[in-house]
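Colleague: One letter stands for each residue in the lines below.
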Amino acid sequence: MTTKKIYVYPVWVRLWHVLNAICFILLILTGMSLHFTTAEGNFIRFDISVAIHNVAAIIITFNYGYFVMGNIVSSNGKHYKNWRKNLATNLWRQGRFYAFGIFKKEPHPFPVSEDNKFNPLQKISYVIVMYLGMPLLIISGLGLLFPETIAYTVFGVSGLLLTDMLHITMGFVLSLFLLIHIYTCTLGEKPLSLFKGMINGYHDAHD
Amino acid sequence: MKTKKTVFSTILLALVVSICAQSADTLKIKPSFYEVSDYVDENENCLKCHGETKYSYSDADRGKTLTKIMYPDLIVDRDAYYDGVHRSFMCSDCHMGDFEEFPHSLDARMEDNFACIDCHGYDETYAQYHFEVIDAEFAESIHSIDGFSCWNCHDPHSYKPNMRDTEDIKEAIRFNNGMCLECHNNFSNFMLLSDKDEINVVESHDWLPNQVAHFRSVRCIECHTEINDSILVAHKILPKKEAVQQCAECHSRNSRLMHSLYKFQSQKDRKAGYVNSVILNDTFVIGANPSPLLDGISVVVFILSFLVILFHTALRIIKLRN
Ligand code: HEM
Ligand code: HEM
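Chains as they are written, first to last, in the working numbering: chain A, 1 to 207; chain B, 208 to 529.
Incorrect hints may appear among the rest.
Keeping only pairs whose Cα atoms sit at most 20 angstroms apart, straight-line, the calculated SDA-like set for lysine to any residue is [what the hints assert, rightly or not]:
hint: 1; chain 1: A; residue 1: LYS4; chain 2: A; residue 2: LEU192
hint: 2; chain 1: A; residue 1: LYS104; chain 2: B; residue 2: ARG523
hint: 3; chain 1: A; residue 1: LYS78; chain 2: A; residue 2: TYR66
hint: 4; chain 1: B; residue 1: LYS261; chain 2: B; residue 2: ILE282
hint: 5; chain 1: A; residue 1: LYS117; chain 2: A; residue 2: ILE28
hint: 6; chain 1: A; residue 1: LYS85; chain 2: A; residue 2: VAL127
hint: 7; chain 1: A; residue 1: LYS105; chain 2: B; residue 2: LYS261
hint: 8; chain 1: A; residue 1: LYS104; chain 2: B; residue 2: THR520
hint: 9; chain 1: A; residue 1: LYS190; chain 2: B; residue 2: LYS261
hint: 10; chain 1: B; residue 1: LYS237; chain 2: B; residue 2: CYS256
hint: 11; chain 1: A; residue 1: LYS105; chain 2: B; residue 2: ARG523
hint: 12; chain 1: B; residue 1: LYS526; chain 2: A; residue 2: PRO107
hint: 13; chain 1: B; residue 1: LYS526; chain 2: A; residue 2: ALA51
hint: 14; chain 1: A; residue 1: LYS78; chain 2: A; residue 2: LEU142
hint: 15; chain 1: B; residue 1: LYS261; chain 2: B; residue 2: GLU307
hint: 16; chain 1: B; residue 1: LYS367; chain 2: B; residue 2: PHE345
hint: 17; chain 1: B; residue 1: LYS526; chain 2: A; residue 2: TYR80
hint: 18; chain 1: A; residue 1: LYS105; chain 2: B; residue 2: THR520
hint: 19; chain 1: A; residue 1: LYS104; chain 2: B; residue 2: PHE518
Coverage of chain B stretches by chain A, computed from C-beta distances (three or more under 8 angstroms per stretch; other residues unrestricted) [to be verified]:
hint: 20; region: 332 to 341
hint: 21; region: 451 to 458
Computed beta-carbon distance windows for the label pairs [as the list claims (entries may be wrong)]:
hint: 22; chain 1: B; residue 1: ASN359; chain 2: A; residue 2: ILE22; range: 43 to 49 angstroms
hint: 23; chain 1: B; residue 1: PRO416; chain 2: A; residue 2: LEU176; range: 44 to 50 angstroms
hint: 24; chain 1: A; residue 1: LYS81; chain 2: B; residue 2: GLY385; range: 56 to 62 angstroms
hint: 25; chain 1: A; residue 1: ARG93; chain 2: B; residue 2: LEU527; range: 18 to 24 angstroms
hint: 26; chain 1: A; residue 1: ARG93; chain 2: B; residue 2: ILE510; range: 27 to 33 angstroms
hint: 27; chain 1: A; residue 1: ALA88; chain 2: B; residue 2: LEU527; range: 26 to 32 angstroms
hint: 28; chain 1: B; residue 1: PHE518; chain 2: A; residue 2: PHE177; range: 18 to 24 angstroms
hint: 29; chain 1: B; residue 1: ASP286; chain 2: A; residue 2: ARG45; range: 46 to 52 angstroms
These aren't lab readings, by the way, just hints derived from the structure by calculation. What you are looking at is a predicted structure, and each value in this text was computed from that prediction instead of being measured. Ideal Cβ placement from N, Cα and C applies to all residues, glycine included.
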């Protein structure tokens, strides 16, 4: 079995990703702290949480813009297209692999290549997270940051409340994504090989 | 022809009516005053001077009439007066000295002013306001200094309860805070009562993020008084060292706002059920609006996902060990 190194994570993606991950973790920690405030206080002081959450939020927003621009101007964008093609059958094959095949050491059904670095499950989840989840999270977050821009009431319901509900829901959905994301990243050839890839840029492919 | 005439006369009538209606609105003494007070004409004996920016008086012996400008502080606004809770009063009900005379006599000037408690204390009719408790709280408050009384905040000639009947909580908050800023944002009023140096309220609250949003959404007294569940509006203003600075006092499940600002609203809402109080509420504070259902679902989903992951990991370890 020969090992070939494929360069799949260009430097700009890795820089984006590490900054994104750090901000994301800070946002989750401080967001949870804001959400579960009690009269006795919370595990991060409220005003400190607000400060950290706001700073991390601004950074991640610009970082997100950087990601979108990067995918527009570079070829990395191609991995986020054509996700609808044979969606059902592809997802079924990948899902079956994670549920059964992986335990029988079957080969990965969609091996990584320069043209196709994501398997269908990765692809659809990354597309949804990056092009639906993040925008909603950021827009609702910006609404909270500049409350004067939100409609005061929508059909008699507080606009701020609706915005916050959306924000909390998206925050939760994306936190759930992160949990699964980190786990599926251990499902490479070896538990740590995908993480190494995200650090040095190369994916180890086997022929 | 006949229809043309009717149309014409109808239009004319409408025009006349609207002009009359308008002039009633710009009238100094409006017909509506007579509906709320039996003493509008008597009051004019005072308001002909105190309701105007200029007043005149004459001396029969010299056959001379002088016109002078009324001191702004002594002007009583008619509209506000007949809108206040004490609109049915005659001026002389409270100003019992002989003010008919001008220049006002020394006797009249020496009159003691009534305090709210003189008329409202220990009276069943006003029990819901708890004047006695308010009076005691004020006596202990930081404002209990010489020359300071209930009247400094509650104008005798326009007062009406604001918080209690409000439909628009933001507007009520604006009104309330305006009351405090009358002195705390206007040093010329402040210095009449105290030798202290000028306080810049914006600067002394710059630790509060989003200050504008906060001052729009909470009252000054939220942070500057001690909560008292038996009255609607706490009156015991504490020294600045004892003011609330802890964010969690408001931004938490057990927010003090539920015991102060939203007291009335939340009591009404509680009767209407939980969902109403959370959804149909235009008041909303980060960290203080719990949604146990949403939180519960989130936690369960998270734990389930975690269990699936653990299970998958365990299988991988077992199956792939060899
Ligand atoms: C992983 C990402 C994020 C998570 C998990 C998250 C979570 C949360 C949570 C739980 C709250 C408290 C809401 C409450 O309990 O009522 C909150 C508040 C807030 N979030 Fe986020 N959030 C995230 C990202 C963002 C982003 C990207 C922005 C802005 C662009 C943002 C802006 C805000 C603002 C302005 C508040 C109000 C409190 C404050 O000013 O800090 N958040 N967030
Ligand atoms: C501690 C947190 C994180 C770790 C350890 C981690 C790890 C990884 C690893 C190892 C990869 C490469 C494997 C693959 O392509 O699937 C990857 C890719 C990726 N991750 Fe993460 N991740 C983290 C957080 C996040 C977050 C918060 C997001 C998005 C909100 C995210 C979005 C992505 C995307 C979009 C890719 C594909 C990037 C590309 O090549 O275009 N990751 N991550």
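Colleague: The structure should be examined with respect to each hint, and the outcome stated for every one.
Modeller: Here is what the structure says about each hint:
1. A:LYS4 with A:LEU192: Given pair LYS4 of chain A, LEU192 of chain A holds - Cα atoms ~17 angstroms apart, limit 20 angstroms.
2. A:LYS104 with B:ARG523: 10 angstroms, holds
3. A:LYS78 with A:TYR66: 16 angstroms, holds
4. B:LYS261 with B:ILE282: 10 angstroms, holds
5. A:LYS117 with A:ILE28: Roughly 28 angstroms between the alpha carbons, so the hint for LYS117 of chain A and ILE28 of chain A is violated.
6. A:LYS85 with A:VAL127: Holds - the C-alpha atoms of VAL127 of chain A and LYS85 of chain A are around 14 angstroms apart, at most 20 angstroms.
7. A:LYS105 with B:LYS261: 99 angstroms, violated
8. A:LYS104 with B:THR520: Holds: LYS104 of chain A and THR520 of chain B sit about 14 angstroms apart, inside 20 angstroms.
9. A:LYS190 with B:LYS261: Violated, at about 93 angstroms.
10. B:LYS237 with B:CYS256: 17 angstroms, holds
11. A:LYS105 with B:ARG523: Judged against 20 angstroms, a Cα distance of about 10 angstroms means the pair holds.
12. B:LYS526 with A:PRO107: Distance of about 15 angstroms is within 20 angstroms: holds.
13. B:LYS526 with A:ALA51: 47 angstroms, violated
14. A:LYS78 with A:LEU142: Not OK: LYS78 of chain A and LEU142 of chain A at ~29 angstroms, beyond 20 angstroms, violated.
15. B:LYS261 with B:GLU307: Holds - the C-alpha atoms of GLU307 of chain B and LYS261 of chain B are around 17 angstroms apart, at most 20 angstroms.
16. B:LYS367 with B:PHE345: 18 angstroms, holds
17. B:LYS526 with A:TYR80: Given that 20 angstroms is the threshold and the Cα spacing comes to 33 angstroms, the pair is violated.
18. A:LYS105 with B:THR520: Between LYS105 of chain A and THR520 of chain B the Cα gap is close to 14 angstroms, so the pair holds against 20 angstroms.
19. A:LYS104 with B:PHE518: 16 angstroms, holds
20. 332 to 341: Violated, because only 0 residues of the region 332 to 341 of chain B bring their Cβ atoms closer than 8 angstroms to Cβ atoms of chain A.
21. 451 to 458: holds (count 5)
22. B:ASN359 with A:ILE22: 43 to 49 angstroms: Violated - the Cβ-Cβ distance for ASN359 of chain B and ILE22 of chain A, about 54 angstroms, lies outside 43 to 49 angstroms.
23. B:PRO416 with A:LEU176: 44 to 50 angstroms: 30 angstroms, violated
24. A:LYS81 with B:GLY385: 56 to 62 angstroms: 58 angstroms, holds
25. A:ARG93 with B:LEU527: 18 to 24 angstroms: This hint holds: roughly 20 angstroms between Cβ atoms.
26. A:ARG93 with B:ILE510: 27 to 33 angstroms: 29 angstroms, holds
27. A:ALA88 with B:LEU527: 26 to 32 angstroms: 29 angstroms, holds
28. B:PHE518 with A:PHE177: 18 to 24 angstroms: 19 angstroms, holds
29. B:ASP286 with A:ARG45: 46 to 52 angstroms: Roughly 49 angstroms apart at Cβ, these two residues keep to the hinted range, so it holds.
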